[in-house]
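Colleague: Residues per chain, in single letters:
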Amino acid sequence: MKNKILQNNVAAGEVSFNVIPLVDCIFLMIIFFILTSQMADPNVSGMVFLSPIENSMGKPVLQETMKNRLIVNVISDEPVNKATGLPVTDPNKSGQAQTFAIGTAKFGLQDIDALTRVFRDKRAEIVKTLKPGEEFFLVIRCDWRVRYDDVRPLFEAAANAGIAKMNISAENIVKANKAEGS
Amino acid sequence: MSNNPKTKATGEEVMPEGRPRKEPPPPRYAPNIIPLIDVLFMLLLYFLLSTRFRQMEGDIPGSLPASAGTETTGPLEKEVYIKVIPRGEDNISAVYEISRGNLQCESAFSLFENLKKFQKDFGQEAPVLIEPTGGVRWKYVVTAFNEAVRAKFNNIGFIAPT
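Residue numbers (the numbering used here), protein chains in the order written: chain A, 16 to 197; chain B, 4 to 165.
The hints are simulated quantities; they were obtained by calculation from the structure and are not laboratory data.
Keep in mind the model is a prediction, meaning the values are calculated, not measured.
There may be inaccurate statements among the hints.
[As the list claims (entries may be wrong)] FRET-style restraints, in silico, Cβ to Cβ: (1) THR51(A) x GLY91(B): 36 to 44 angstroms; (2) ASP128(A) x VAL42(B): 52 to 60 angstroms; (3) THR114(A) x SER113(B): 33 to 41 angstroms; (4) PHE112(B) x ASP39(A): 28 to 36 angstroms; (5) SER102(B) x LYS143(A): 39 to 47 angstroms; (6) ILE95(B) x CYS40(A): 46 to 54 angstroms; (7) GLU116(B) x ASP39(A): 48 to 56 angstroms; (8) PRO36(A) x SER113(B): 54 to 62 angstroms; (9) ILE95(B) x ALA120(A): 58 to 66 angstroms.
[Unchecked claim] In silico DSS-like links for lysine-lysine, alpha-carbon gap of 25 angstroms or less: (10) LYS143(A) x LYS180(A); (11) LYS82(A) x LYS146(A); (12) LYS81(B) x LYS119(B); (13) LYS119(B) x LYS180(A); (14) LYS155(B) x LYS123(B); (15) LYS180(A) x LYS81(B); (16) LYS81(B) x LYS155(B); (17) LYS120(B) x LYS81(B); (18) LYS81(B) x LYS121(A); (19) LYS86(B) x LYS119(B); (20) LYS146(A) x LYS121(A); (21) LYS180(A) x LYS25(B).
By construction, the Cβ of each residue, glycine as well, lies at the ideal position given by its N, Cα and C atoms.
Assemble the whole structure, with the sequences as input and the hints as a guide.
Modeller: This is the structure:
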């Protein structure tokens, strides 16, 4: 009787499969994306950094989460890849800086006075919140192909505002080659 | 009580073949998980399309010039000047000129080797001043900084803009 029942089902063309493992996999992938994704921050705009092969940097940092720094982005004029949001990099073409961006505020390349004012104000604001022993930094995030002449006004504004310490952002990758004796 | 004349002494109904009649199984409640899978696929699709992976960033420490527009003093006994000079069409490359000994370094590696020697002679606290010239690309300025930090100098900065 049991065999007859089975034969009847096959004859009727009923096919079913277990979807529970599929649901499990999808849940795992969603959990991965939820835990690894972060909301975009205007303080850190997309750009392509130099990746020194033998770098001197410590652990990678999330600049926007550090409280003791003011981040200045040097926005380049090169076109942006709409899919990735990152600049299109043509290594044979040097880039021109377009604006300086601090958060959502943008400044022209020659706006040294406005930059100086902002540096002074932000520095005063941030220094009040620092713990003893913590230092204030200016962080410069700049595309690797931008000419130095376009970045120089930043240094002038920083010097006018009395900022002494600075960090330069670069890509922090695992050391690919180790030079002998280093 | 049914009208089946064939009943056991206990009152249990007996089927014509002689087997006791079983009670029908309780109804099973199985939720339809197809909408759940649909929603999960939508969420997954959203995350797959909107996720962008960022470059991992690090900091190369340095210092800014104390004030703009001041004349630079002559070289101190233990100062190391690095001039970054652009080369090639559209400043595609650069060379590094170390003022002490008029050394010219074509690559980051040779710059690092020379800076290591200076660091052994002058110590970690000797100031290193970097002077990018012309339209040199930012990449080479950062490289000069990086190699100076790798050579274990503690006091690295730019020459004040004039």
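Colleague: Hints first: check each against the structure and report whether it holds.
Modeller: Hint by hint, here is what the structure shows:
Checking the proposed 36 to 44 angstroms range against THR51(A) and GLY91(B) shows it holds: the Cβ atoms sit about 40 angstroms from each other. Range check, ASP128(A) to VAL42(B): about 54 angstroms between beta-carbon atoms, so the 52 to 60 angstroms window is met. A hinted range of 33 to 41 angstroms holds for the C-beta pair THR114(A) and SER113(B), which are about 36 angstroms apart. Between PHE112(B) and ASP39(A), the C-beta spacing of about 50 angstroms breaks the proposed range 28 to 36 angstroms.
The given range of 39 to 47 angstroms is respected by SER102(B) and LYS143(A), whose C-beta atoms sit roughly 41 angstroms from each other. The beta-carbon spacing between ILE95(B) and CYS40(A), approximately 48 angstroms, falls within the hinted interval of 46 to 54 angstroms. About 55 angstroms separates the C-beta atoms of GLU116(B) and ASP39(A), a value consistent with the hinted range of 48 to 56 angstroms. Separation of PRO36(A) from SER113(B) is about 57 angstroms and conforms to the stated range, judged on CB atoms against 54 to 62 angstroms.
Judged by the Cβ atoms, the range 58 to 66 angstroms given for ILE95(B) and ALA120(A) is violated: they are separated by roughly 33 angstroms. A hinted pair counts as satisfied when its Cα atoms are at most 25 angstroms apart, and LYS143(A) with LYS180(A) qualifies at roughly 17 angstroms. Proximity of LYS82(A) to LYS146(A) is assessed by CA-CA distance (about 10 angstroms); at most 25 angstroms being required, the pair is judged to hold. About 14 angstroms separates the Cα atoms of LYS81(B) and LYS119(B), which keeps this hinted pair within 25 angstroms; it holds.
Distance check on the hinted pair: LYS119(B) and LYS180(A) sit about 23 angstroms apart at the alpha-carbon level, within 25 angstroms; holds. Between LYS155(B) and LYS123(B) the alpha-carbon distance is near 10 angstroms, which keeps this suggested pair within the 25 angstroms criterion. At most 25 angstroms may separate the alpha-carbon atoms for a hinted pair to count; LYS180(A) and LYS81(B) meet this at roughly 21 angstroms. Restraint check: the Cα-Cα separation between LYS81(B) and LYS155(B) comes to about 15 angstroms, which is no more than 25 angstroms; the hinted pair holds.
Among the hinted pairs, LYS120(B) with LYS81(B) is consistent with the structure: their alpha-carbon atoms are about 13 angstroms apart, no more than 25 angstroms. Using a Cα cut-off of 25 angstroms, the hinted pair LYS81(B) and LYS121(A) is violated, with the two alpha carbons roughly 40 angstroms apart. A C-alpha spacing of about 17 angstroms is found between LYS86(B) and LYS119(B), which places the hinted pair at or below 25 angstroms, so the restraint holds. Of the pairs offered as hints, the one joining LYS146(A) and LYS121(A) is violated, with about 29 angstroms between alpha carbons and a cut-off of 25 angstroms exceeded.
With a C-alpha separation of about 86 angstroms, the suggested pair LYS180(A) and LYS25(B) falls outside the 25 angstroms cut-off, and the hint is violated.
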